[in-house]
Amino acid sequence: MIKRILLFTLVVVLLFAIALAIHQSILSQPLSFPLWQVYLFHVVASLVVYASIEGICSIMPNNAGYAYLAFMFLKIGLFLLIFKNAVFENDSLTQVERYALVLPLFLFLTTEAIAVGKLLNNK
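In my numbering, the protein residues as written are 1276 to 1398.
If you are wondering where the hints come from, they were derived from the structure by calculation, not from laboratory data.
Built from N, CA and C at the ideal position, the CB exists for glycine as well.
Hints are not guaranteed to be accurate.
[As the list claims (entries may be wrong)] Once the Cα atoms are required to be at most 25 Å apart in a straight line, the calculated DMTMM-like pairs of lysine to aspartate or glutamate come out as:
(1) Lys-1350 / Glu-1329
(2) Lys-1278 / Glu-1372
(3) Lys-1359 / Glu-1372
(4) Lys-1359 / Glu-1329
(5) Lys-1393 / Glu-1372
(6) Lys-1278 / Glu-1329
[What the hints assert, rightly or not] Simulated restraints on C-beta separations:
(7) Asn-1360 / Ser-1333: 24 to 30 Å
(8) Ser-1333 / Phe-1381: 24 to 30 Å
(9) Gln-1370 / Met-1335: 38 to 44 Å
(10) Pro-1305 / Val-1377: 15 to 21 Å
(11) Trp-1311 / Ser-1333: 30 to 36 Å
Using the sequences and the hints, build the whole thing.
Dropping the structure here:
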């Protein structure tokens, strides 16, 4: 369990560093929000979700999938609460800013889903 969590942490931190560097190098205009905070939120949320699913899977393996679904709703809700100024109060989000908010979500969600899927298939 600890080994899988540490491996997932390594993968997510590397993904954070590489994706953020590439994303910032591609951007040609400044964003109305700090991009690194969006990426950092998804890193922390992914680590919390994966570690929680690991714990739940060892206690109640039949309910781990439902717990993962609940964590996804919580993660999206927390994202909207934390970044409500960037999402809701800025009426004129450019297309680039919209992509900058959504791209990290799908990137880390995909990584998290693959890891949780492997975990649930092994149990």
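Right, here's what the structure says about each hint:
1. Lys-1350 / Glu-1329: Answer holds: Lys-1350 to Glu-1329 is near 17 Å, not above 25 Å.
2. Lys-1278 / Glu-1372: Violated, at about 37 Å.
3. Lys-1359 / Glu-1372: It holds: about 14 Å lies between the C-alpha atoms, which stays within 25 Å.
4. Lys-1359 / Glu-1329: violated (30 Å)
5. Lys-1393 / Glu-1372: violated (33 Å)
6. Lys-1278 / Glu-1329: Measuring from Cα to Cα gives roughly 11 Å; hence the hint holds.
7. Asn-1360 / Ser-1333: 24 to 30 Å: The hinted range 24 to 30 Å is violated for Asn-1360 and Ser-1333, with Cβ atoms some 38 Å apart.
8. Ser-1333 / Phe-1381: 24 to 30 Å: holds (28 Å)
9. Gln-1370 / Met-1335: 38 to 44 Å: Cβ of Gln-1370 to Cβ of Met-1335: about 43 Å, so the range 38 to 44 Å holds.
10. Pro-1305 / Val-1377: 15 to 21 Å: 18 Å Cβ-Cβ, so the 15 to 21 Å window holds.
11. Trp-1311 / Ser-1333: 30 to 36 Å: Given a distance of about 33 Å, which is inside 30 to 36 Å, the answer is holds.
Comparing the model with each numbered hint stated earlier shows that hints 2, 4, 5 and 7 do not hold.
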